[in-house]
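Undergrad: Based on the sequences and whatever the hints tell you, model everything.
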Amino acid sequence: TQLLEQSPQFLSIQEGENLTVYCNSSSVFSSLQWYRQEPGEGPVLLVTVVTGGEVKKLKRLTFQFGDARKDSSLHITAAQTGDTGLYLCAGGSSGGSNYKLTFGKGTLLTVNP
Amino acid sequence: EADIYQTPRYLVIGTGKKITLECSQTMGHDKMYWYQQDPGMELHLIHYSYGVNSTEKGDLSSESTVSRIRTEHFPLTLESARPSHTSQYLCASWRGEGEQYFGPGTRLTVT
Chain F
1 TQLLEQSPQF
11 LSIQEGENLT
21 VYCNSSSVFS
31 SLQWYRQEPG
41 EGPVLLVTVV
51 TGGEVKKLKR
61 LTFQFGDARK
71 DSSLHITAAQ
81 TGDTGLYLCA
91 GGSSGGSNYK
101 LTFGKGTLLT
111 VNP
Chain P
1001 EADIYQTPRY
1011 LVIGTGKKIT
1021 LECSQTMGHD
1031 KMYWYQQDPG
1041 MELHLIHYSY
1051 GVNSTEKGDL
1061 SSESTVSRIR
1071 TEHFPLTLES
1081 ARPSHTSQYL
1091 CASWRGEGEQ
1101 YFGPGTRLTV
1111 T
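In order, the protein sequences belong to chains F and P. Per the numbering used here, residue 1 is the first one in the first sequence, and the count goes up by one each step. Per the numbering used here, residue 1001 is the first one in the second sequence, and the count goes up by one each step.
Calculated from the structure, these hints are not laboratory results. Don't take every hint at face value.
Okay, the calculated beta carbon distance ranges per label pair [claimed, not checked]:
#1 P:Thr1077 x F:Asn18: 45 to 51 Å
#2 P:Leu1011 x F:Gly16: 36 to 42 Å
#3 F:Phe10 x P:Val1012: 26 to 32 Å
#4 P:Ser1054 x F:Thr20: 22 to 28 Å
Anything over 12 Å on all C-beta distances counts as not near chain P; from chain F, calculated [claimed, not checked]:
#5 Gln6
#6 Gln14
#7 Glu41
#8 Val50
#9 Leu58
#10 Arg60
#11 Leu61
#12 Thr62
#13 Thr77
If you're wondering where the values come from, they're calculated on a predicted model, not measured in any experiment. Glycine included, each C-beta is placed from N, C-alpha and C at the ideal position.
TA: Structure representation (structure tokens):
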């Protein structure tokens, strides 16, 4: 069974601060996705990374896929209150089918004004 | 923009009732999924489908059933609702490279 561990589980910061959340596994994934979910809504896809060592930027968000494709990080620069939400990472099964995703438990981020 | 819809958004129902949660997508995706999620917690896969007339149980045991008669439609049914079924139910379809589009979810409360 593939597992994804996310840390920290909860994070409360002030507006303007930087933060990093982590997604780690002992398994290799062929792709990794980050989603953000607001209360009462479905997760919204932020980014997909597929190549070991890949770095993608989305405005103030920077995503990195580990060289061995077992871990990933999400860094937010100058956090805003609108960044508040549950951040979920999800790994696509190595071996190519990608028909099912393994989700982490998520990091609940609160950005205070 | 994801074109995947779920109805109802909220449902409060008494124990023992039969309910069907609707999920539709207009993107023509073959692969669709149902997840169960408690507030602020991880998603648990309960059912998935690779196409018409194809359905499989997911990683989390569930008393619900699903059907896939049309590509765009993937309803989930609970024959006899119980308080333990209270949760949020999320439907998703597969876009490729593992990416999934999610619907807005149905918040189910069984009293």
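Undergrad: Does each hint hold? Answer for all of them.
TA: Comparing the hints with the structure gives:
Separation of Thr1077 (chain P) from Asn18 (chain F) is about 46 Å and conforms to the stated range, judged on CB atoms against 45 to 51 Å. Checked against the hint of 36 to 42 Å, the pair Leu1011 (chain P) and Gly16 (chain F) passes, with Cβ atoms roughly 40 Å apart. Between Phe10 (chain F) and Val1012 (chain P) the Cβ separation comes to about 29 Å, which falls inside the hinted range of 26 to 32 Å. Taking the beta carbon of each, Ser1054 (chain P) and Thr20 (chain F) are about 40 Å apart, not inside 22 to 28 Å as hinted.
The Cβ of Gln6 (chain F) sits about 9 Å from the closest Cβ of chain P, inside the 12 Å cut-off, so the non-interface label is violated. Gln14 (chain F), annotated as away from the interface, keeps every beta carbon of chain P farther than 12 Å; the closest lies near 21 Å. For Glu41 (chain F), the shortest C-beta to C-beta distance to chain P comes to about 6 Å, within the 12 Å cut-off, and the non-interface label is violated. With a least CB separation of 6 Å from chain P, Val50 (chain F) falls inside the 12 Å interface cut-off, contrary to its annotation.
Residue-level check passed: Leu58 (chain F) sits 14 Å from the nearest beta carbon of chain P, beyond 12 Å. At roughly 22 Å, the least C-beta separation between Arg60 (chain F) and chain P is larger than 12 Å, which holds for a residue marked as non-interface. Separation of Leu61 (chain F) from chain P is adequate, the least Cβ-Cβ distance of about 17 Å exceeding the 12 Å criterion. At the 12 Å boundary, the C-beta of Thr62 (chain F) stays outside the reach of chain P, the nearest C-beta of that chain being 19 Å off.
Distance check for Thr77 (chain F) against chain P: the nearest CB is about 24 Å away, which clears 12 Å, and the non-interface claim stands.
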